[in-house]
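Novice: One letter stands for each residue in the lines below.
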Amino acid sequence: MNAHITEFLEQVRPFLVAADEQDVLREIAGSIEDREAAMPGGDTDENMVAAIAAMGDPRDVAAAWSTGKPAVAVNYQKVQWLLAGLLYAVTVGLAATSAVAGSSIFLAPLFYVPSLTPLSLLYYLPFSFVFDYGLASILIQVNEHFGNRVGIEWALGIARRERDRGRGARPTTHGVVGGLMGRRRSADAASCCPVWHTVRRLAPRSSSVLIPDPLLRSFYHLVACDVSSGVRCDLSVLCQELASV
Amino acid sequence: MNEVENAEKEMNRGFVQLVVLLLLEKPMYGYMIVRVLQQNDILVDENTLYPLLRRLEEKGALSSRWDAAEAKARKYYAVTDQGRALRGSLLEIWEHQGKAIQTLRWEVES
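One line per chain: the protein sequences are A and G, in this order. In case it helps, this note's numbering puts the first sequence at residues 485 to 729. In case it helps, this note's numbering puts the second sequence at residues 29 to 138.
Keep in mind the hints are simulated off the structure, nothing from the lab. Note that the Cβ used here is the ideal one computed from N, Cα and C, for glycine as well. The reader is advised that the hints may include incorrect statements.
Here are some, though not all, of the chain G residues that point toward chain A, as calculated from beta-carbon distances under 10 Å [unchecked claim]:
id, residue
1, Lys54
2, Asp73
3, Glu74
4, Leu77
5, Pro79
6, Trp134
The shape of chain A in the complex, shown without the other chains (with noise of 0.2 Å):
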């Protein structure tokens, strides 16, 4: 099959859901093919991007072949798993990192994990579960709401778009974290989220560091990013500067 049509067929896939997903796609790729052998000049290389182009946004056409009426909107059920997949992971290291340490960790804005004892451990995973699901669906809805298009490249883009900014190695927090949250442009972290600002006010004074700096990161690592910078705080200190305000 020819490279193009195997580049946009693999852009389609995680979007489409279909009980006959392999005939689904090869039908595809035999309408592309067709099309562009309708075109002047035929079998071209530009004639094959032409048709590619012609068929639109890989996700919508995902979402016009994908069959079935489920609660979440059928095109994002993937993604949806495998963000909650993701915030998931940093969950279960977090929650596990608070039983061992015996304190609660918060890593604003998007998780927190309260003090947990082994035992405790064992039912606060599957309600965390519950919740990492329905925040994958709030972040992924805010997002398309302003014009974000949610995707696996998605996640990964935000932490190449940080890698690109030139300001270090490795994406920072408060950017991937903010691309996570709907931002566009990271350097905006302070001003639009009074909470992240809070928090990166508290950072220097507090001293509550509650996971070594190397488990912590890799933790991150698992969502493609760097804790390099003040995000860490303890709840309660955050909770008075927030009363004090």
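For chain A, the structure is supplied; the task is to place chain G on it using the hints.
Specialist: Quick look at chain G alone, frame taken from chain A:
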């Protein structure tokens, strides 16, 4: 998209379904249907037509088979007995609506 285009899209939804059920007495593949429709001045988006074919197939109104004999493997669709029954019902609705529009126009214009 203006209001006329929106309305046309809405009206086409049922219309294209009926046209497809009429056309597919002879087996055709998706792009062939698009071309035949274009020749008859009926513009239909491929992302609308192909999913429609699959929905009709799921309902049993169409049957399909892959033909790999040509250079490209193509999926041919054809109308089934269930599809013919559906087509009959849709044609009745179409004719009824056509008559209703004619009557209303006649009343308004006279």
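Novice: Could you run down the list of hints and mark each one as holding or not?
Specialist: We went through each hint and held it up to the structure:
1. Lys54: violated (17 Å)
2. Asp73: Cβ of aspartate 73/G sits 9 Å from chain A, so the hint holds.
3. Glu74: holds (5 Å)
4. Leu77: holds (9 Å)
5. Pro79: holds (5 Å)
6. Trp134: violated (39 Å)
Violation of the numbered hints given earlier is confined to hints 1 and 6; the remaining hints are satisfied by the structure.
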